[in-house]
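Colleague: Here are the chains, one letter per residue:
2 protein chains.
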Amino acid sequence: MNKPNTRKTVIDPWGSTYVADYAKLFEEFGIEPFDEEIMKRIPNPSKYMRRGIVFGHRGFQTILEAIEKKEPFAVMSGIKPSGPFHLGSLLTASEIVYFQKEFGAKAFYCIADIESYADNRIPYEEATGTAVDNLADILALGLDPKNAYIWRQSQEKRVMDYAFIFGANVTTATMNAVYGEQTNFGLYNSALIQCGDIDLPQHPDFGGPKPVVVPVGLDQDPHIRLVRDLARRLQSTYGFVLPSATFHRLMRGLDGSEKMSKRNPMSYFDLDEDLDSIKSKVMDALTGGRATIAEQKKLGGEPEKCMIQELCIFHFVEEDEKIIEAHQNCKNGTLLCGEHKQEVVDIIFSWIKKHRRKKEKEIDTARKILNVG
Amino acid sequence: MNKPNTRKTVIDPWGSTYVADYAKLFEEFGIEPFDEEIMKRIPNPSKYMRRGIVFGHRGFQTILEAIEKKEPFAVMSGIKPSGPFHLGSLLTASEIVYFQKEFGAKAFYCIADIESYADNRIPYEEATGTAVDNLADILALGLDPKNAYIWRQSQEKRVMDYAFIFGANVTTATMNAVYGEQTNFGLYNSALIQCGDIDLPQHPDFGGPKPVVVPVGLDQDPHIRLVRDLARRLQSTYGFVLPSATFHRLMRGLDGSEKMSKRNPMSYFDLDEDLDSIKSKVMDALTGGRATIAEQKKLGGEPEKCMIQELCIFHFVEEDEKIIEAHQNCKNGTLLCGEHKQEVVDIIFSWIKKHRRKKEKEIDTARKILNVG
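If you read the sequences in order, they're chains A and B.
Counted the way the working numbering counts, the first sequence spans residues 1 to 373.
Counted the way the working numbering counts, the second sequence spans residues 374 to 746.
Isolated chain A, as found in the complex (with noise of 0.2 Å):
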């Protein structure tokens, strides 16, 4: 903990909050820093780069030379449509639209229904519903369906196909040291799926092998460890390019904790909720107020411990200056917690009705995509 970023960012609030211990990342497990140099070689850098919430990769120098030379490159990523979209779905989607739009690079975004059977115990039926919903969620921020490919795993063979390729080449012992002994047969094989879909974008139906990267949260680096291990062995059957990775720091709990949980309703809110229930979660969030206004006037409050400024950092506000602004306005005492929730409430319900207004027109879309009735 409080090991120090590697690169210098827009702003770098989070020194009490880092998800892990970086060097340990970096030294012990391969994964490489996403730093200034590589920055330098990003034209107009997402803003999850610019705030040093991409904190590392794997072999995304891949996708750096697609960029320079104007060589196609594909974006993967995916939702378990296991409830509505909330702020974690948010992060990794909004990077998809990033990368499709800045870059042209073509999408691949699927939806994990044998992962939400495996996992949560959903029929495919049952889960076809939520996919509908999440898919027009992601179109509302801006994927453009035109240069994407989306499916249900469950009805995409080539994924199925890749997974019994794989799982006939990857032994019990690797599968026991990348996921741990689990008691759930099945999420061996939603592993084995995960990587297929990674690898969809490199399919002969897609054009054969392209540079591909995925942007993660740090917890889903064992697929990615799995999926480049596979893709290097069966290189010479595929001629796979190995698959690439960003990770993500994710945002604390709203309250606090140490993550955003179903399990804790205060921890996090969905796109579509209850607009009461949002500005509660807010105005009950975590800040780095101190004790009384008098103490905090004089002190200043703490920004880098304060949820209201991640979530303005993370997802609601697009200029760099404005979050600087806020931060520095806190730490000099000037702008209290209670005024700074009002202010952010206001912009997260005016971003979310935008949002929804842009959602409702996309449903049809989203069924017609996912062929629902």
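Some hints could be false.
[To be verified] Mimicking SDA-like on lysine to any residue, the simulated pairs with C-alpha atoms at most 20 Å apart in a straight line are:
no., chain 1, residue 1, chain 2, residue 2
1, B, Lys530, A, Trp151
2, B, Lys442, B, Val614
3, B, Lys530, A, Asp205
4, A, Lys157, B, Leu743
5, A, Lys157, B, Asp534
6, A, Lys361, A, Leu90
7, A, Lys106, A, Trp151
8, A, Lys157, B, Ala541
9, A, Lys157, B, Lys530
10, B, Lys479, B, Ala439
11, B, Lys530, A, Asp161
12, B, Lys530, A, Ala168
13, A, Lys40, A, Gly59
14, B, Lys652, B, His688
15, B, Lys530, A, His203
16, A, Lys101, A, Asp144
17, B, Lys635, B, Lys652
18, A, Lys157, B, Glu498
19, B, Lys443, B, Gly580
20, A, Lys157, B, His576
21, A, Lys157, B, Pro496
22, A, Lys157, B, Asn744
23, A, Lys146, A, Ile363
24, B, Lys519, B, Glu444
25, B, Lys530, A, Gln155
26, B, Lys530, A, Arg158
27, A, Lys157, B, Tyr497
28, B, Lys726, B, Leu514
29, A, Lys157, B, Ile523
30, B, Lys530, A, Ile150
31, A, Lys157, B, Trp524
32, A, Lys157, B, Asp578
33, B, Lys530, A, Asn371
34, B, Lys530, A, Pro123
35, B, Lys727, B, Thr738
For the record, the hints were derived by calculation from the structure and aren't laboratory data.
For this one, chain A is given, so just place chain B on it according to the hints.
Modeller: Structure of chain B alone, referenced to chain A:
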């Protein structure tokens, strides 16, 4: 060893060659004896049933009831496309044809190419040629393709669907208990795929739940136990009738070795093997002959030890009377080994030549069925 069979069969010369301890199979593993009571209820038992080669079953009552009520049922089996049809493949293939011909059962025949990849590293494309050849063999044996469904695992998404559903409904502990700790992870997936194959006849696309019989060697019992366990667990969702199986004793190696094995070419022959090679294997086969002709004429032979007798019993002689006659003539010393071998070589040659003529005509049909250009 040397346990008495539980029922009288037309002929029972295999006292010394039982491959397993029947009492243990029946008592500890829950395999049920294929006994007189069952035989009484089968209008026209197959030669494998009449000759005690079918020694046990799981859940065969469902098939008896379907036969008696003239209700539809299915017979399912398959082949791993890793080489030409051999004496082992012949056995289950013949049982499929029997159930189809005698009772109008719809036949489901699977080309297990996911298994031949996982187990033998044979790429699907390479397996296709073998699959066409294997399929032509079973068509030549009398399989009616109009009342059959034939598929390659790698091409059958419905089977893959089942495999993923099943994987999510089984614990890792169960997989280990049934299959032992496999180094090659793909073998677990092959097992789940095989459970999918066995349940395919009950898929809604094939008219939904119905009794299914799978004629197998005892070595396939793990799959049978797993698929029955899964069918039981998923009954409320899919309405599965528990698949049933008949268990067949397997022939020993021609040279008297414990079993036929590709690693020991003298232990078996393929149906498309060079006739001279087949002849030399038959002429070299283990018999129940005595040290000298004089001794044999005096004491008689030991037909229960003789692989020439087994070749007739298992495969190449349809009439029970001829089997009994050869058995008695050996025992009373009038049929000597050299003479019997020559006679059986002639029988086998005539059988095989006829089979090859039929098979040649079926190659095109086999290609069509498997969509091979």
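Colleague: All the hints need checking, so say for each whether the structure fits it.
Modeller: Hint check:
1. B:Lys530 x A:Trp151: holds, 15 Å
2. B:Lys442 x B:Val614: Given pair Lys442 of chain B, Val614 of chain B holds - Cα atoms ~16 Å apart, limit 20 Å.
3. B:Lys530 x A:Asp205: The given pair, whose Cα atoms are some 17 Å apart, holds under the 20 Å limit.
4. A:Lys157 x B:Leu743: holds, 18 Å
5. A:Lys157 x B:Asp534: Holds - the C-alpha atoms of Asp534 of chain B and Lys157 of chain A are around 9 Å apart, at most 20 Å.
6. A:Lys361 x A:Leu90: holds, 18 Å
7. A:Lys106 x A:Trp151: holds, 14 Å
8. A:Lys157 x B:Ala541: Distance of about 18 Å is within 20 Å: holds.
9. A:Lys157 x B:Lys530: Given that 20 Å is the threshold and the Cα spacing comes to 6 Å, the pair holds.
10. B:Lys479 x B:Ala439: holds, 13 Å
11. B:Lys530 x A:Asp161: holds, 9 Å
12. B:Lys530 x A:Ala168: holds, 18 Å
13. A:Lys40 x A:Gly59: At roughly 16 Å apart (the allowed maximum being 20 Å), Gly59 of chain A and Lys40 of chain A satisfy the hint.
14. B:Lys652 x B:His688: Distance of about 16 Å is within 20 Å: holds.
15. B:Lys530 x A:His203: This hinted pair holds, its Cα atoms lying about 17 Å apart.
16. A:Lys101 x A:Asp144: Judged against 20 Å, a Cα distance of about 8 Å means the pair holds.
17. B:Lys635 x B:Lys652: At roughly 18 Å apart (the allowed maximum being 20 Å), Lys652 of chain B and Lys635 of chain B satisfy the hint.
18. A:Lys157 x B:Glu498: Given pair Lys157 of chain A, Glu498 of chain B holds - Cα atoms ~17 Å apart, limit 20 Å.
19. B:Lys443 x B:Gly580: Given pair Lys443 of chain B, Gly580 of chain B holds - Cα atoms ~16 Å apart, limit 20 Å.
20. A:Lys157 x B:His576: Satisfied, since the Cα-Cα distance of roughly 17 Å is no more than 20 Å.
21. A:Lys157 x B:Pro496: holds, 17 Å
22. A:Lys157 x B:Asn744: Cα-Cα ~18 Å, so holds.
23. A:Lys146 x A:Ile363: Judged against 20 Å, a Cα distance of about 16 Å means the pair holds.
24. B:Lys519 x B:Glu444: holds, 19 Å
25. B:Lys530 x A:Gln155: holds, 9 Å
26. B:Lys530 x A:Arg158: holds, 10 Å
27. A:Lys157 x B:Tyr497: holds, 15 Å
28. B:Lys726 x B:Leu514: Distance of about 13 Å is within 20 Å: holds.
29. A:Lys157 x B:Ile523: holds, 19 Å
30. B:Lys530 x A:Ile150: Holds - the C-alpha atoms of Ile150 of chain A and Lys530 of chain B are around 19 Å apart, at most 20 Å.
31. A:Lys157 x B:Trp524: Status holds; Cα separation ~15 Å.
32. A:Lys157 x B:Asp578: Status holds; Cα separation ~17 Å.
33. B:Lys530 x A:Asn371: Holds - the C-alpha atoms of Asn371 of chain A and Lys530 of chain B are around 18 Å apart, at most 20 Å.
34. B:Lys530 x A:Pro123: Roughly 17 Å between the alpha carbons, so the hint for Lys530 of chain B and Pro123 of chain A holds.
35. B:Lys727 x B:Thr738: holds, 18 Å
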